[in-house]
Amino acid sequence: MLFVCLFFSGFYAHAQTMDTIQRKAITISKITEVPQIDGVLDDEAWKNAAIADGFVERQPVNGRPIPDSLKTEVKIVYDDLGIYFGATMYDPQPLEILKELTERDQIGNDDFFYILLNGYNDRQQSLQFIVTAAGVQYDAKMT
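The opening position of the sequence shown corresponds to residue 1 in our numbering, with each subsequent residue numbered one higher.
These aren't lab readings, by the way, just hints derived from the structure by calculation. Take these hints with a grain of salt, some might be off.
Claimed, not checked - FRET-style restraints, in silico, Cβ to Cβ: (1) Asn109 / Lys30: 34 to 42 Å; (2) Ile97 / Pro65: 19 to 27 Å; (3) Tyr120 / Lys30: 31 to 39 Å; (4) Thr27 / Glu100: 21 to 29 Å; (5) Lys30 / Ile97: 28 to 36 Å.
All of these numbers come straight from a predicted model, not from anything done at the bench. All C-beta atoms, glycine included, are put in the ideal place defined by N, C-alpha and C.
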């Protein structure tokens, strides 16, 4: 399953927000050519993108390492207008991925990919962006 998300904002991105989980740091590259937002990470903008991986589970067991068979790799780049995330999520049983086409902001029980952005790195306010396996989008400001 592959999703590409585009977000316009200036911020510091981090992979985990819980005190008990080691926070990730990644250096991302500035690009000169905007990637095509088509779900395929094969254009020039993604070739030298930093890759975040080694994620841990959030639910049901917070902090448990995700097995290699279910790994997620997130490529991240930015330009003067935005930051771009391209995620590849592996699943040995793709037909069992939970997905339901619903209205925007209705994620239900679907499998989803989400990003929390904390612009002040204070763990107080975050912007949350979600896309489900069916392509349903959700966004929120968390305080």
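Each hint, compared with the structure:
Asn109 and Lys30 have their C-beta atoms about 38 Å apart, which keeps the hinted 34 to 42 Å range intact. For Ile97 and Pro65, the hinted distance range of 19 to 27 Å is satisfied, since their beta carbons lie about 21 Å from each other. Taking 31 to 39 Å as the suggested C-beta distance range, the pair Tyr120 and Lys30 does not conform, at roughly 22 Å. A hinted range of 21 to 29 Å is violated for the C-beta pair Thr27 and Glu100, which are about 37 Å apart.
Taking 28 to 36 Å as the suggested C-beta distance range, the pair Lys30 and Ile97 conforms, at roughly 33 Å.
The structure fails hints 3 and 4 (numbered hints given earlier, in ascending order).
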